[in-house]
Amino acid sequence: APVFNSASFLGDFSAIWHLIGIGRAVIDPSKWRQSVAMSALIGAESLFVNQGVKRLFRRIRPTATGDPRFRVRRPSTSRFPTGPASSSFFAAAILTTATGRSVAPVWYSVAVVISVSRVYVRIHHASDVVAGVALGAALGVAGSRVFHIVVHCFVNESCRSGSRITVRQRPAPADTESL
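So the sequence shown is residues 7 to 185, counted in my numbering.
Worth double-checking, as some hints may not be accurate.
Unchecked claim - Beta-carbon label-pair distances, calculated as ranges:
| no. | residue 1 | residue 2 | range |
| --- | --- | --- | --- |
| 1 | 12 | 35 | 26 to 32 Å |
| 2 | 39 | 109 | 16 to 22 Å |
| 3 | 155 | 8 | 38 to 44 Å |
| 4 | 42 | 140 | 42 to 48 Å |
| 5 | 133 | 29 | 31 to 37 Å |
| 6 | 61 | 7 | 19 to 25 Å |
Hints in this document: simulated from the structure, not taken from any laboratory.
Even for Gly, the Cβ is constructed at its ideal location relative to N, Cα and C.
Start from the sequences, fold in the hints, and give me the full structure.
As structure tokens, then:
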């Protein structure tokens with residue numbers, strides 16, 4: 007139970023994902039631009055979901071004031087879809103692009119725990135989470151492509167040297183290590 011309470015807390019405002027980005031930059035200072043790019047993309051995804059998609063639905067939460075057994079922030083926006091689930095799967099996709107598929111199970115496991123925690127602490131229904139996961143995964147595909155282009159052009163500075171990259175191009179395996 008404390009795991010889900012903590013996961014729900016860390017899922018708010020995508021805090022865990024920003025902390026992971028900062029941690030990667032502290033461990034390897036060459037990753038700080040990736041961290042900034044990831045945080046900016048998470049911010050854009052959050053704005054789109056919370057101020058765009060959620061305004062289309064006026065569904066109420068499972069409890070009006072939250073469950074008193076859990077100390078969680080009571081969000082002010084509609085409950086559908088859940089923002090933490092969406093941002094978690096979005097961030098997991100971005101981090102998979104940044105770190106490679108071998109680490110993907112770690113990112114997606116964290117995303118699953120955060121998503122399930124929202125039902126456990128009774129701030130979302132399961133259908134809110136399923137919709138958030140689906141939306142985050144779909145946005146993560148597009149976000150990963152944008153992340154790849156941003157990193158390729160601005161971090162590796164490949165675009166400045168006259169080469170061009172399209173959304174469909176993928177880095178060679180050696181380039182993946184430099185991300």
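Now the hints, each set against the structure:
For the hinted restraint 26 to 32 Å between residue 12 and residue 35, the CB-CB distance of approximately 29 Å keeps it satisfied. Distance hint for residue 39 and residue 109: a CB-CB separation of about 19 Å, consistent with the stated range 16 to 22 Å. Taking the beta carbon of each, residue 155 and residue 8 are about 40 Å apart, inside 38 to 44 Å as hinted. Checked against the hint of 42 to 48 Å, the C-beta distance between residue 42 and residue 140 comes to roughly 28 Å, which is inconsistent with it.
A beta carbon spacing of about 33 Å between residue 133 and residue 29 agrees with the range 31 to 37 Å that was offered as a hint. Look at residue 61 against residue 7: about 33 Å separates their beta carbons, and that is not inside 19 to 25 Å.
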